[in-house]
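Protein chains: 2
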Amino acid sequence: MKLVVGVLNITAGGKRIAIIDDETAGLLGVHSSDRIKLSYKGKEIIALANVATDFSPDRVWLYSEISQALGVTGGETVEVQLAPMPESLGHVRAKLRGERLRAPELTTIVKDVVEQHLSDIEISGFLTALKIYGLSMSETEAMSRAMVETGKSLNFGKAPILDKHSIGGIPGDKTSILVVPIVAAAGYTIPKTSSRAITSPAGTADRVETLCPVNLAMDEIQEVVKKTNGCLVWGGALELAPADDLFIRVEYPLGIDPLLLPSIMSKKKAIGATHLVIDIPTGSGAKIKTPTEAYTLASDFVHLGEHLGINVQCALTFGDQPLGCGIGPALETREALSTLMGEGPADVHDKAVSLAGMLFEMVGAKNGRKKAEEILRSGKAECKLRQIIEAQGGNPNVKPEDIPVGPEKAEVRATQKGRVLWIKTDGIVQVARAAGAPKEKGAGIVLKAKLGEAVAKGAVLFEIYAERSSNLASALELAEQLEPVVLSKKVEERMLLGQFPAKTTREKPFMLER
Amino acid sequence: MKLVVGVLNITAGGKRIAIIDDETAGLLGVHSSDRIKLSYKGKEIIALANVATDFSPDRVWLYSEISQALGVTGGETVEVQLAPMPESLGHVRAKLRGERLRAPELTTIVKDVVEQHLSDIEISGFLTALKIYGLSMSETEAMSRAMVETGKSLNFGKAPILDKHSIGGIPGDKTSILVVPIVAAAGYTIPKTSSRAITSPAGTADRVETLCPVNLAMDEIQEVVKKTNGCLVWGGALELAPADDLFIRVEYPLGIDPLLLPSIMSKKKAIGATHLVIDIPTGSGAKIKTPTEAYTLASDFVHLGEHLGINVQCALTFGDQPLGCGIGPALETREALSTLMGEGPADVHDKAVSLAGMLFEMVGAKNGRKKAEEILRSGKAECKLRQIIEAQGGNPNVKPEDIPVGPEKAEVRATQKGRVLWIKTDGIVQVARAAGAPKEKGAGIVLKAKLGEAVAKGAVLFEIYAERSSNLASALELAEQLEPVVLSKKVEERMLLGQFPAKTTREKPFMLER
Numbered sequence: 029m030k031l032v033v034g035v036l037n038i039t040a041g042g043k044r045i046a047i048i049d050d051e052t053a054g055l056l057g058v059h060s061s062d063r064i065k066l067s068y069k070g071k072e073i074i075a076l077a078n079v080a081t082d083f084s085p086d087r088v089w090l091y092s093e094i095s096q097a098l099g100v101t102g103g104e105t106v107e108v109q110l111a112p113m114p115e116s117l118g119h120v121r122a123k124l125r126g127e128r129l130r131a132p133e134l135t136t137i138v139k140d141v142v143e144q145h146l147s148d149i150e151i152s153g154f155l156t157a158l159k160i161y162g163l164s165m166s167e168t169e170a171m172s173r174a175m176v177e178t179g180k181s182l183n184f185g186k187a188p189i190l191d192k193h194s195i196g197g198i199p200g201d202k203t204s205i206l207v208v209p210i211v212a213a214a215g216y217t218i219p220k221t222s223s224r225a226i227t228s229p230a231g232t233a234d235r236v237e238t239l240c241p242v243n244l245a246m247d248e249i250q251e252v253v254k255k256t257n258g259c260l261v262w263g264g265a266l267e268l269a270p271a272d273d274l275f276i277r278v279e280y281p282l283g284i285d286p287l288l289l290p291s292i293m294s295k296k297k298a299i300g301a302t303h304l305v306i307d308i309p310t311g312s313g314a315k316i317k318t319p320t321e322a323y324t325l326a327s328d329f330v331h332l333g334e335h336l337g338i339n340v341q342c343a344l345t346f347g348d349q350p351l352g353c354g355i356g357p358a359l360e361t362r363e364a365l366s367t368l369m370g371e372g373p374a375d376v377h378d379k380a381v382s383l384a385g386m387l388f389e390m391v392g393a394k395n396g397r398k399k400a401e402e403i404l405r406s407g408k409a410e411c412k413l414r415q416i417i418e419a420q421g422g423n424p425n426v427k428p429e430d431i432p433v434g435p436e437k438a439e440v441r442a443t444q445k446g447r448v449l450w451i452k453t454d455g456i457v458q459v460a461r462a463a464g465a466p467k468e469k470g471a472g473i474v475l476k477a478k479l480g481e482a483v484a485k486g487a488v489l490f491e492i493y494a495e496r497s498s499n500l501a502s503a504l505e506l507a508e509q510l511e512p513v514v515l516s517k518k519v520e521e522r523m524l525l526g527q528f529p530a531k532t533t534r535e536k537p538f539m540l541e542r
Numbered sequence: 029m030k031l032v033v034g035v036l037n038i039t040a041g042g043k044r045i046a047i048i049d050d051e052t053a054g055l056l057g058v059h060s061s062d063r064i065k066l067s068y069k070g071k072e073i074i075a076l077a078n079v080a081t082d083f084s085p086d087r088v089w090l091y092s093e094i095s096q097a098l099g100v101t102g103g104e105t106v107e108v109q110l111a112p113m114p115e116s117l118g119h120v121r122a123k124l125r126g127e128r129l130r131a132p133e134l135t136t137i138v139k140d141v142v143e144q145h146l147s148d149i150e151i152s153g154f155l156t157a158l159k160i161y162g163l164s165m166s167e168t169e170a171m172s173r174a175m176v177e178t179g180k181s182l183n184f185g186k187a188p189i190l191d192k193h194s195i196g197g198i199p200g201d202k203t204s205i206l207v208v209p210i211v212a213a214a215g216y217t218i219p220k221t222s223s224r225a226i227t228s229p230a231g232t233a234d235r236v237e238t239l240c241p242v243n244l245a246m247d248e249i250q251e252v253v254k255k256t257n258g259c260l261v262w263g264g265a266l267e268l269a270p271a272d273d274l275f276i277r278v279e280y281p282l283g284i285d286p287l288l289l290p291s292i293m294s295k296k297k298a299i300g301a302t303h304l305v306i307d308i309p310t311g312s313g314a315k316i317k318t319p320t321e322a323y324t325l326a327s328d329f330v331h332l333g334e335h336l337g338i339n340v341q342c343a344l345t346f347g348d349q350p351l352g353c354g355i356g357p358a359l360e361t362r363e364a365l366s367t368l369m370g371e372g373p374a375d376v377h378d379k380a381v382s383l384a385g386m387l388f389e390m391v392g393a394k395n396g397r398k399k400a401e402e403i404l405r406s407g408k409a410e411c412k413l414r415q416i417i418e419a420q421g422g423n424p425n426v427k428p429e430d431i432p433v434g435p436e437k438a439e440v441r442a443t444q445k446g447r448v449l450w451i452k453t454d455g456i457v458q459v460a461r462a463a464g465a466p467k468e469k470g471a472g473i474v475l476k477a478k479l480g481e482a483v484a485k486g487a488v489l490f491e492i493y494a495e496r497s498s499n500l501a502s503a504l505e506l507a508e509q510l511e512p513v514v515l516s517k518k519v520e521e522r523m524l525l526g527q528f529p530a531k532t533t534r535e536k537p538f539m540l541e542r
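Heads up: the protein sequence lines correspond to chains A and B, in order. Heads up, the first sequence is in the working numbering, so the first residue is 29 and it goes up one at a time. Heads up, the second sequence is in the working numbering, so the first residue is 29 and it goes up one at a time.
No lab work stands behind these hints: they were computed from the structure. Treat the hints with caution; some may be incorrect.
Identical copies carry no separate label here, and so any pair may be met within one copy or between two of them.
[Claimed, not checked] When the alpha-carbon atoms are kept at most 27 angstroms apart in a straight line, the in silico DSSO-like pairs for lysine-lysine are as follows:
no., residue 1, residue 2
1, LYS186, LYS69
2, LYS467, LYS65
3, LYS254, LYS139
4, LYS485, LYS394
5, LYS30, LYS467
6, LYS398, LYS408
7, LYS180, LYS445
8, LYS65, LYS437
9, LYS139, LYS186
10, LYS452, LYS485
11, LYS399, LYS476
12, LYS254, LYS437
13, LYS408, LYS255
14, LYS437, LYS30
15, LYS399, LYS43
16, LYS65, LYS43
17, LYS69, LYS254
18, LYS317, LYS452
19, LYS180, LYS69
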């Protein structure tokens with residue numbers, strides 16, 4: 029059928045969508061979410077049909093993605109017909125019926141996700157079925173490989189390539205900023221790509237961005253790693269596993285993450301990692317609550333690593349409170365830099381040398397932790413971070429206090445004398461985000477008392493930093509409501525741990541960093 | 029945050045969607061699929077946020093649904109903020125975890141589906157989880173009631189209200205056009221609403237539309253039923269269970285129908301049915317292949333009926349070939365009318381009096397089939413149909429040959445002498461649709477030989493009717509490819525029943541009529 033093109037000068041978020049009238053759809057035998065083939069001057073393109081009522085029956089409206097790909101600007105006549113169902117949708121339906129899929133079938137699905145041939149409805153059905161039925165190890169491997177194949181890869185032309193990843197969940201976890209320079213200073217290659225915060229007050233990319241640019245292109249990363257052995261860059265725009273972003277977009281509202289393992293491991297495979305330490309913070313304040321859960325997850329990571337040719341070790345780390353004291357991009361980076369200079373909190377220091385030490389032992393060192401400790405104490409790690417900052421385009425001579433933090437500041441004080449019984453991770457995250465983190469890099473929290481510490485009545489429990497007074501006010505209000513730092517003289521004095529239904533209305537989706 | 033409105037003069041299919049820039053989204057703490065609250069001059073509206081890149085950061089773009097509801101035309105400044113997650117999404121997530129939901133929770137979900145507060149992603153996840161976990165009877169009842177509550181209802185102020193439904197799948201099934209006047213002629217109330225074809229060559233609404241208007245409003249239906257005891261109208265625009273259309277739109281691409289039972293039964297409840305016969309065509313050519321499957325489904329219908337206060341009986345009917353000879357809206361209506369006039373095929377006659385007879389016995393008759401037979405033979409049923417046609421605005425004196433059929437016609441002939449061994453239902457459907465049915469009402473097929481009949485070489489197996497020569501050519505080509513009428517002298521001569529992979533590329537979704 030010949031239809032006249034109307035162009036919508038907006039994008040559909042990469043999706044290839046064409047809108048047709050319901051009468052026209054009827055004549056073509058097309059239902060909403062069916063595919064139509066558009067042909068114009070020898071070009072052919074498949075689009076998802078959105079069927080609208082009371083529309084012009086002789087027209088097809090195209091979002092920018094399609095009109096650009098087809099080379100039309102409006103007014104042209106194009107041939108439109110019902111396109112066959114994509115093969116991948118047959119495989120999606122098989123998964124809905126509970127069938128195990130083979131590698132080529134999963135690859136077809138991932139390719140069609142990346143090329144935007146599957147609709148939100150279809151991707152959501154697929155992911156829900158994966159979540160409910162679970163993935164076999166061979167499916168997990170196939171999904172990981174398909175996600176690598178449909179993306180770009182980095183190749184440094186040497187081995188080993190070391191890497192470190194955290195599944196996240198502990199506010200203030202700035203460990204990567206220390207591990208990368210310790211490992212690089214020892215002469216190993218560690219090209220660290222990281223993410224921005226989704227639900228936390230800071231991701232590693234947000235933190236490092238207060239020191240230097242992190243949005244580097246592939247060739248720039250090669251250059252930085254060649255010069256310094258390491259890098260600390262944002263992985264988001266590198267298209268290492270572009271399917272992942274498309275899956276996450278659908279998983280987020282559903283609060284599920286069936287592709288957690290492929291998501292993390294595909295990106296490690298894409299940067300050519302051969303040895304990888306995965307940090308799994310474990311504890312009441314963390315995403316993983318018990319060692320049993322942590323070991324199950326760890327075992328899956330190690331097993332998948334074997335299938336993908338990556339030597340994986342997992343670190344179960346203390347997850348009952350935030351790491352260090354600073355929370356929020358700038359405050360965390362200040363603390364990381366101080367720790368490299370020998371002055372930071374003990375837990376930040378300990379976690380960094382422990383994880384770096386594990387990596388050293390994986391590539392042959394006898395006492396990895398001691399080796400990491402020496403590199404840190406010697407100042408070589410600090411020196412290495414400054415090289416990386418310079419190579420990425422930042423100021424290598426930056427001092428912690430040069431990193432700007434929010435000018436608006438408030439203190440939250442203890443209303444009684446006591447001991448810190450509990451720090452509610454979730455409350456800390458919400459207050460820091462209300463203060464403006466991670467978008468406003470100077471916003472956040474500095475903890476002045478941590479678990480077990482004695483506190484006098486009126487003493488400062490934590491400080492809130494913000495870039496705008498309105499945000500500071502919201503954060504303070506929330507802090508009063510949530511009381512994230514819980515004091516007690518004796519445990520028994522504070523029997524009410526929470527309240528249900530909760531006072532805050534927004535349910536936070538549970539998503540591991542990936 | 030204050031943003032300037034841009035208006036997109038297109039609809040989003042009823043969905044409440046607002047587009048914001050990713051920078052703006054970051055400041056608001058909004059992710060794609062999160063909800064935002066738009067406030068303007070005391071009005072507040074919740075919209076699903078679509079996050080776009082490279083957009084104007086101070087703007088929010090609104091589809092027509094939202095801009096109209098908010099009373100803006102573009103250029104106004106509105107207050108935009110992150111809205112809390114709807115309660116229903118929490119219940120959807122619980123279902124994804126496999127939890128059983130209670131009636132109030134399911135009602136909340138159905139309400140939010142109808143009010144367009146849940147996204148395609150979320151509805152798809154919900155339906156996929158329902159499909160995989162299955163619904164308990166109390167969930168099925170709750171979904172049915174919620175679908176009734178969120179729609180309109182008909183109340184005729186009397187009882188009993190009789191009804192008849194077919195789960196479909198047999199081409200040429202024009203039984204309702206006979207059952208309704210038989211039952212109404214006996215003095216019972218039978219307000220039949222029906223659907224248009226989705227994947228078949230004709231739905232009852234498509235058929236009846238060749239006799240009279242079917243798109244009646246609620247008050248017009250009341251009037252017709254008051255006059256004649258019955259009606260034959262299209263249920264699609266009555267909003268009897270508007271949630272159903274929204275669910276079907278998502279189920280269709282996934283090829284699943286977890287809500288089949290609530291979908292059918294909610295519409296029966298909404299028209300106030302007290303006694304219902306459900307036709308389940310069973311056989312190799314039908315959707316339900318074996319009596320075991322049919323009895324399982326039948327048992328579910330009866331059980332759900334008990335919960336909803338509807339007396340249900342199911343009829344398992346012969347489903348190995350099309351019903352009667354005419355297939356396609358006009359050809360089927362001709363045949364139905366002829367049968368009421370005493371001249372139609374035996375199978376159409378038999379099925380109609382059998383189903384009508386079951387209804388009569390449900391409301392107390394001794395020999396229902398005989399009663400139906402008498403009403404049909406006496407001409408009272410024909411007379412009643414003519415009353416209904418007139419009441420709905422058609423010509424009561426219409427003769428079968430007055431109903432126009434496609435002027436383009438071709439015959440498909442036997443290439444050998446033989447006996448009809450098999451009629452491929454699916455092939456018949458595809459050829460009839462290729463000829464233009466159901467959109468072109470005069471298009472379709474007339475079978476000239478049915479199961480078991482002896483056929484001479486060169487005899488006509490079936491005729492194809494079309495309104496356009498191009499469609500006739502496509503249908504003929506498909507008929508040659510599919511050979512829907514299979515002949516054999518002896519069974520052994522035709523050993524190859526099918527070929528895999530199939531020659532046709534389009535996989536048909538399996539959807540029961542509802």
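So, going through the hints one by one against the coordinates:
Proximity of LYS186 to LYS69 under the C-alpha cut-off of 27 angstroms is found in neither arrangement, the shortest distances being 47 angstroms within a copy and 63 angstroms between copies. In this homomeric assembly, LYS467 and LYS65 come within 27 angstroms of each other (Cα to Cα) only across copies, at 21 angstroms, whereas the closest approach inside a single copy is 42 angstroms. In this assembly of identical chains, the alpha carbons of LYS254 and LYS139 never lie at most 27 angstroms apart, being 32 angstroms within a copy and 58 angstroms across copies at closest. Taking the shortest Cα distances, LYS485 and LYS394 never come within 27 angstroms of each other, neither inside one copy (48 angstroms) nor across copies (89 angstroms).
Taking the shortest alpha-carbon separations for LYS30 and LYS467, only the inter-copy value of 18 angstroms comes in at or below 27 angstroms, while the best intra-copy value is 48 angstroms. Within a single copy, LYS398 and LYS408 get their C-alpha atoms as close as 14 angstroms, which meets the 27 angstroms cut-off; across copies the closest is 100 angstroms, which misses it. Taking the shortest Cα distances, LYS180 and LYS445 never come within 27 angstroms of each other, neither inside one copy (56 angstroms) nor across copies (62 angstroms). In the homo-oligomer, the alpha carbons of LYS65 and LYS437 never lie at most 27 angstroms apart, since the shortest distance is 58 angstroms inside one protomer and 29 angstroms across protomers.
For a Cα distance limit of 27 angstroms, the shortest separation of LYS139 from LYS186 qualifies neither inside one copy, at 29 angstroms, nor across copies, at 58 angstroms. Taking identical chains as interchangeable, the C-alpha atoms of LYS452 and LYS485 lie at most 27 angstroms apart only when both belong to the same chain, with a minimum of 20 angstroms there against 85 angstroms between chains. In this assembly of identical chains, the alpha carbons of LYS399 and LYS476 never lie at most 27 angstroms apart, being 31 angstroms within a copy and 89 angstroms across copies at closest. Taking CA atoms no more than 27 angstroms apart as the test, LYS254 paired with LYS437 passes in neither setting, with 41 angstroms inside one copy and 75 angstroms between copies.
In the homo-oligomer, the alpha carbons of LYS408 and LYS255 lie at most 27 angstroms apart inside one protomer (15 angstroms), although the nearest pairing across protomers, at 96 angstroms, exceeds that limit. Taking CA atoms no more than 27 angstroms apart as the test, LYS437 paired with LYS30 passes between copies only; the shortest distance there is 25 angstroms, against 64 angstroms inside one copy. Proximity of LYS399 to LYS43 under the C-alpha cut-off of 27 angstroms is found in neither arrangement, the shortest distances being 50 angstroms within a copy and 59 angstroms between copies. In this assembly of identical chains, LYS65 and LYS43 lie within 27 angstroms of each other by CA distance both inside one copy and across copies; the values are 15 angstroms within and 25 angstroms between.
Proximity of LYS69 and LYS254 under a CA criterion of 27 angstroms is satisfied in neither setting, with 47 angstroms inside one chain copy and 59 angstroms between copies. For the identical chains of this complex, LYS317 and LYS452 are intra-copy neighbours only, at 13 angstroms inside a copy versus 58 angstroms across copies, given an alpha-carbon limit of 27 angstroms. Taking the shortest Cα distances, LYS180 and LYS69 never come within 27 angstroms of each other, neither inside one copy (31 angstroms) nor across copies (49 angstroms).
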